[in-house]
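Peer 1: Given next are the chains, with one letter for each unit.
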Amino acid sequence: MAVIKMIKHTKNFVIGAWSLIKGLAVTMKYVFRPAVTLQYPTEKQPMSERFRGLVGLHPEKCIVCYQCMKMCPTACLAITHKQEDKKKTLETFKYNMELCCFCGMCAQVCPTGAIVMTDIYEISVYDRKKLDINLLDAKKYDEWTHTSVK
Amino acid sequence: MDTTRTKDIYTEEFLINMGPQHPSTHGVLSLELKLDGEIIRECTPHIGYLHRSMEKIAENRTYTQFIPFTDRLDYVASMNNNLGYVMAVEKLLNLEVSERAKYIRVIVAELNRIASHLIAVGTFAQDLGAFATPLFYCFREREKIIDIFDRICGNRLTYNYIRIGGVQFDLPKGIDEKIKEFIKYMRPKVDDYDNLLTYNAIFLARSKNIGVLPKDLAINYSVTGPSLRASGVKWDLRKDEPYLVYNKFEFDIPIGENGDSWDRYKIRIEEIRQSLRIVEQAIDALPGGEPAVKVGRIHKPAPSEAYFRTENPRGELGFYIVSDGSMYPYRLKIRAPSFSNLAVLPELVKGVKIADIVCVLGSFDVLMGEIDR
Amino acid sequence: MLSILDFIWVLIIGLIVLGFIAVSAMFLIWWERKVSAHIQSRLGPMRVGWHGVLQSVADTIKLLLKENIIPAGADKLVWWLAPFFAVVPSVMAFVVIPFGKNLIVKDLNVGILYIMAVSSVCVLGIFMAGWGSNNKYSLLGGMRAAAQIISYELPLILSMIIVSMQANSLSMQKIVAAQSGHWNILHPNMMLAFIVYIISATAEVNRVPFDIPEAESELVAGFHTEYSGMKFAMFFIGEYTNLFIVSAVATTLFFGGWLGPILPPVVWFLGKTYGIVFILMWVRWTFPRLRVDQLMGFAWKVLTPVSLFNLAITGWLLLK
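Chains as they are written, first to last, in our numbering: chain A, 2 to 151; chain B, 399 to 771; chain C, 206 to 525.
Same shape as in the complex, but just chain A (with noise of 0.2 Å):
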């Protein structure tokens, strides 16, 4: 009877022992492979094309039909225009960093394409009056990094 219960505790020891060198055997495994990881901020991965950063806007294809600004979940964009006979001229397009949730949306309903999605990430800021932006201004990006697309 003991000898039997040594026996099954010999045999439960030698699998739990060969379970344990099974799994030193996977980590060594990956000593020798090479790294998967980036040095940051020398190394960078570049964005696929469809990604969704800081939006954009090309002033001069917008035709102020306000779709992006109902369209927004969270309300971040703030468009007013001035009304020239029957014609309609960007006055202000605010963007609030804070509130924005990158979802893409107002890109999707854009018609013309005015309103697009770059690929800026990197948007830490010390002072948090640089997050309302006001979208009309070309030189707004200039001083946070543009990743170059895929």
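Calculated directly from the structure, the hints in this document are not laboratory data. Heads up, the beta-carbon is just placed ideally off N, CA and C, and yes, glycines get one too. Do not rely on the hints blindly, as some may be mistaken.
Claimed, not checked - Ranges of calculated distance between the beta carbons of each label pair, as one might list FRET restraints:
| # | chain 1 | residue 1 | chain 2 | residue 2 | range |
| --- | --- | --- | --- | --- | --- |
| 1 | C | Gln499 | A | Lys9 | 14 to 22 Å |
| 2 | A | Val37 | C | Asn307 | 28 to 36 Å |
| 3 | B | His444 | C | Leu359 | 22 to 30 Å |
| 4 | C | Val253 | A | Asp133 | 35 to 43 Å |
To be verified - When the alpha-carbon atoms are kept at most 30 Å apart in a straight line, the in silico DSSO-like pairs for lysine-lysine are as follows:
| # | chain 1 | residue 1 | chain 2 | residue 2 |
| --- | --- | --- | --- | --- |
| 5 | A | Lys23 | B | Lys582 |
| 6 | B | Lys606 | A | Lys9 |
| 7 | B | Lys731 | B | Lys698 |
| 8 | C | Lys271 | C | Lys239 |
| 9 | B | Lys542 | B | Lys489 |
| 10 | A | Lys30 | B | Lys582 |
| 11 | C | Lys271 | A | Lys23 |
For chain A, the structure is supplied; the task is to place chains B and C on it using the hints.
Peer 2: Same frame as chain A, now just chains B and C:
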């Protein structure tokens, strides 16, 4: 006769707060434990630290505008949340989507299931002390899935891809080679996890027979998902109430035997394998056609109500929508699977040592974003 | 009576060994981070110096500049002395480590006994840290650590005794000399003793899978939470020095110490020691940790009977 009497030693239970910020609890969960030495007598979870009043916000957003909010419920399995909500709205509107949209939805939902289970597996191993290695391996695999999603819809975590009527845009060119490459890459990695963790003697000693959930208790508390299947109940919404095109694919539902933590973990590993099978079949059978039916942006459904449930990686995710004819829903209720799964935790940890509560909590794979909404 | 030459020789070697300890602790910290990184498919420290070699220096400077926070209500003397009790015994054990044929600070003829005695004092450091912190969780952590280390002392010592029985001496250099024919590991009872020794050594140094004292942060704080700055660094350095000692003793007892052809003995010794250190690190980054009761059960119910059995077999083999 001399008698020696020992005076009674005065013991009392003491209260520990396994507080909201903690290296092991998944998200901001506070567990109030009443301990008697090393054994837990009572456990009370306190939730609500991540409450963002999503259901109230839904009453002021149109049906399409609410889709980015559903991303942030169960932020690890975004596509499944989008899918559940959109299918509930489509049931309300009696809308049929095209075949291609259904196949694409199945592919992204299953890929996201794999990604979510990878996090569950990695963090479970980390809670048990395998300090960072399984977690890094899981994140390395997850990176490939996220890369695929980045190419498809442009975001890495909150996808906002599935729309009412189909999907946002069609799959880009060359994505099916990437997916097939991923499937070929992933299969040996799941065997790696088996060798590294599943049958490891120390892992077995830490998780077998810990936190056993009996069948009737699971059903009474409406536990769903892998935690229910680990207790031996054969219930999976993809087979029992098939939606989309799940009835055209061949896959198995892994069922556990004991209902302990090891079973819950093992079921997730097996589900990764089955999801790979589904994705492979779906990619091969992808039909041509339009990715979305043309519908307007503002929907005004007739005053009615609809409830639709889908199989989230964590269980049964249900959306109950009541509409009153306007473009905003009157009431939107989200049935989160982790909420019911967490409710059964106080029953399971009575009489268990402190070191095991982390194991039990980790094996249930709860996510606070869902519970608190 | 010690002659002046002997005294100067001991002083010189002692200073060299102290310098070596400081460099070795820093090197081991860097080595651990690199090994763990490569196991996890990443790169580890890369910026400070070539591939991050000077990272430990940067960390030490940072720790020196940190504020010294004394917890309120702490037992000041006990709390202040605890790091010393954790580090000084490990450094003292370096006296009998044979780095080469004559490169040993003092070849005591009770070498093994000295090492066992000195390394047992490390428990006091942990216990004092747990008590002096005035934190009930640190106390729990410290007591568990003390219980764990004391339980694993027994299989450790029994395995070391087997080697000294075979070599007929307790002195480290004589044990190395007794392996000049073939290394001790090649005998089957020595192989079993080595396995028991390595498992107990992992528990002694508080590494995974036995790192309950440190990773007590699952629920309660570890014994060294109330330490910041240089005092914390002392615990850290103590742990890595202990790791080196344990591997050096394993090399001497089981793998032939500094014996080996062609290359100079120091290179052989360091190579073998760092090889065993690598194995301990490899085990750390692969396995989950054991629960406290499983840990103790393993020590008392598995390791101690096995080493006693091994002792009996060795005695029988020697008497034949």
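Peer 1: All hints, please: hold or fail.
Peer 2: Structure-based check of all given hints:
no.: 1; hint: Gln499/C / Lys9/A: 14 to 22 Å; in the structure: 19 Å, holds
no.: 2; hint: Val37/A / Asn307/C: 28 to 36 Å; in the structure: 48 Å, violated
no.: 3; hint: His444/B / Leu359/C: 22 to 30 Å; in the structure: 44 Å, violated
no.: 4; hint: Val253/C / Asp133/A: 35 to 43 Å; in the structure: 39 Å, holds
no.: 5; hint: Lys23/A / Lys582/B; in the structure: 22 Å, holds
no.: 6; hint: Lys606/B / Lys9/A; in the structure: 19 Å, holds
no.: 7; hint: Lys731/B / Lys698/B; in the structure: 18 Å, holds
no.: 8; hint: Lys271/C / Lys239/C; in the structure: 25 Å, holds
no.: 9; hint: Lys542/B / Lys489/B; in the structure: 33 Å, violated
no.: 10; hint: Lys30/A / Lys582/B; in the structure: 18 Å, holds
no.: 11; hint: Lys271/C / Lys23/A; in the structure: 43 Å, violated
When the structure is compared with the earlier hints, violations turn up for hints 2, 3, 9, 11 and for no others.
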